[in-house]
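K.L.:
These protein sequence lines map, in sequence, to chains R and B. Just so it is clear: in the first sequence, position 333 is 337 by the working numbering, and no numbers are missing. Just so it is clear: in the second sequence, position 169 is 173 by the working numbering, and no numbers are missing.
It should be emphasised that the hints constitute simulated quantities derived from the structure, not laboratory data. Computed from a prediction, not measured in an experiment: that's the story for all the values here. Don't take every hint at face value.
Which copy is meant is left open, so a pair is good if it fits within one copy or across any two.
As the list claims (entries may be wrong) - DSSO-like cross-link-like pairs, simulated, lysine-lysine; straight-line CA separation at most 27 Å:
(1) Lys240 with Lys13
(2) Lys240 with Lys315
(3) Lys23 with Lys315
(4) Lys13 with Lys294
Number of protein chains: 2
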Amino acid sequence: GFFIFFLIKGWVRSVRAQKANLFLHVNDGSSLLSLQVVASSELNDPLLTFGSAVEVTGTLRKSPHQNQPVELEAQQIHVVGECNPVDFPFKIKERHGLEYIRQFPHLRCRTNAFSSLLRIRSEAATAVHSYFKENGFVQIHTPVITSNDCEGAGELFQVEPSGPQNEEEENFFSVPAFLTVSGQLHLEVMSGAFSRVYTFGPTFRAENSQSRRHLAEFYMVEAEVSFTQSLEDLTKVMEDMFRSATEHVLAHCAEDVDLFHKHVTPGHRVSPEGRLFNLAIDILNRSSEKFAFPTDWGCDLQTEHEKYLVKHCGNIPVFVTDYPYDLKPFYARDNQDHPEHTAAAVDLLVPGVGELCGGSLREERLDLLRARAGLEDTYSWYLDLRRFGSVPHGGFGLGFERYLQCILGVDNIKDVIPFPRFSHSCLL
Amino acid sequence: GFFIFFLIKGWVRSVRAQKANLFLHVNDGSSLLSLQVVASSELNDPLLTFGSAVEVTGTLRKSPHQNQPVELEAQQIHVVGECNPVDFPFKIKERHGLEYIRQFPHLRCRTNAFSSLLRIRSEAATAVHSYFKENGFVQIHTPVITSNDCEGAGELFQVEPSGPQNEEEENFFSVPAFLTVSGQLHLEVMSGAFSRVYTFGPTFRAENSQSRRHLAEFYMVEAEVSFTQSLEDLTKVMEDMFRSATEHVLAHCAEDVDLFHKHVTPGHRVSPEGRLFNLAIDILNRSSEKFAFPTDWGCDLQTEHEKYLVKHCGNIPVFVTDYPYDLKPFYARDNQDHPEHTAAAVDLLVPGVGELCGGSLREERLDLLRARAGLEDTYSWYLDLRRFGSVPHGGFGLGFERYLQCILGVDNIKDVIPFPRFSHSCLL
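In isolation and in its complexed conformation, chain R is listed as follows (with noise of 0.2 Å):
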């Protein structure tokens, strides 16, 4: 036989020393999986404990044990961190709780899922990527500054310099600034020149909420398609989108995801399926259920609706089309039916997680746009984009951390994002 060589760098997961015998496990953040080192007891050091940092150089050879393919022989072991296991928080053998792990925000990427968690992040980032990418979309980096307040929508945070400001001195950009709360805006900008964009990055809300849906920070994919008259076109990428980024992450990250399917929420199954729906007033008409909220036409959608929803129709994700149009914001495209007066908007709702995304069609005639009040003043670029060579066209916004959520089967939002803020909460 020969021999091949090795060094590995990493961090140790277990321990365990025999009479003549030392077994470690290392793990080097490339997957779940550690490297099974077996060194003579010689090679003991009581600096070798869980959670320390090693460099160890031996041979690679194939491992007697079915459930790893190889197993390094140490004739070297150097430890290049030390690790008090009094004083670190987590414990070998321990299989700590997201809410435990949750307290130690510089650490918790050490532990089997987080770590796990963050190679699927980093993984369902690629695929969104790769899938517009693929697609023929161009990639807009929207700013994340920005002096309109989009739809009015809820809570804004603000932004200046920090330090004693000037008592005489504007804002610094002349204007109020705010933190996005969407690229929608600014992406219906490129859909005057680009057939298909899309951005992918951070979004805020000032919403006072600690609850397990919502950060004050997170990240949002949005696409707009140019010339598209029909809500299945947008449908379509949705649903396409989700599926593909679903199939590359389990394709992409096994383990990680059996992690979380195994011991986190065990039992959870992803179901890339969708199901179309327009007429979401009349199935929850229709139900024996008791709501809290009223179900007349005219009234919005409640998390306890969405939830019928979804459950009616089998647990699997559900798109509900043509909202009222009173409820949706001024740049949603007019159906112009009546009695009934729809917006062509649609949400895609999945199980556990309530809406994952949110579109419509925008409303491309200038004549209506207009009508609609207080536009002229505040938006008039935006009227320019309907002045000049405007298209139908229409878009959506995805909640990535949702998305994660969703396809983990993870209950708190605060799990599925390296740093999560929220109100009273921006540790580090």
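Following the hints, complete the assembly by docking chain B onto the known chain R.
P.N.:
Relative to the frame of chain R, chain B by itself:
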């Protein structure tokens, strides 16, 4: 022969009416090249103007002209969005300068130059992600909102909810919160569990500058490599990434890059060769150039020095290494070389732009880090990273806009980002 029935949807870039025939160029944003449409002059329409949006159906045929493989013989032309040539700020057949089109942030993507830029930017972003992915880096979404002020690095933006503040209310996050100036410290958290990590996203400086070199919001590519003890490991990653991204862009956006090299910066060339230097001060001192700023050991390099060094080396990218320790932030690794006393830091200087990347080995030794003042209180979590399984590591950041300026030869940083933000300007 056979005919290919074809439908193109796009924007009119040129109109030429002859006696019998009408010629259009229609662009859909997928590339710089437009499709030539040939129609009977009966299909002419006064609404067919520069900038209008059209849908054209017809048959695709081999073009008699050498510079285009095919043309579309139109059967039907439908103007979906008109464009009044008097009001539209861009005029047919005029080559507007970057400075002129910058005045119209919502429309400038409709010019050849800026749509080329946006395609190049999108492709360069893809190239950056691909490089890291192919080299085993995990992507980390480092936070935009942070409670640490990093290196005390200059001007920070602070973040609070907009609208009337409740006087009794503390900060939204209970502590002052800022927009990030760098994802480095958050990446270093991840360097305790992954061998290689990177982040690519927006960063912020509240610099009161309207110069052609500065933005309040700009993109950084940042990477950290664990288990490394040499600056050369870092410069290798920097050089590889630069080379790989540039080759990718040149290969995938040849026409777009050509537009810049021919028309925007005639004669501009990219040279991805680099050179390593740790005797920058000697070179400056031996030169006969008169500098405004001193070149004594211990003084920081100024723009004039950087320019000289790049020129001195033959206008290629130059690495400058091992800066005076006292000039570098607390995290830079002490080389413990006396009497010079340097830190293991490196900058990459490039022609035209100056500093493109900055990086360093990070001080992984707890005792040395503690010896620098003030960390116990505000950065106890950072010290924890050295307390538990600390590893020698290092990293760097690259200014993405400066990278684009460098490869395209664009003088003003505002012309390489979709929506530039700087003091007194936050349009859209």
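K.L.:
State for each hint whether it applies.
P.N.:
Going down the list of hints, with the structure as the test:
1. Lys240 with Lys13: between (45 Å within a copy, 19 Å between copies)
2. Lys240 with Lys315: within (22 Å within a copy, 54 Å between copies)
3. Lys23 with Lys315: neither (57 Å within a copy, 65 Å between copies)
4. Lys13 with Lys294: neither (59 Å within a copy, 49 Å between copies)
Of the numbered hints given earlier, the model fails hints 3 and 4; all others are met.
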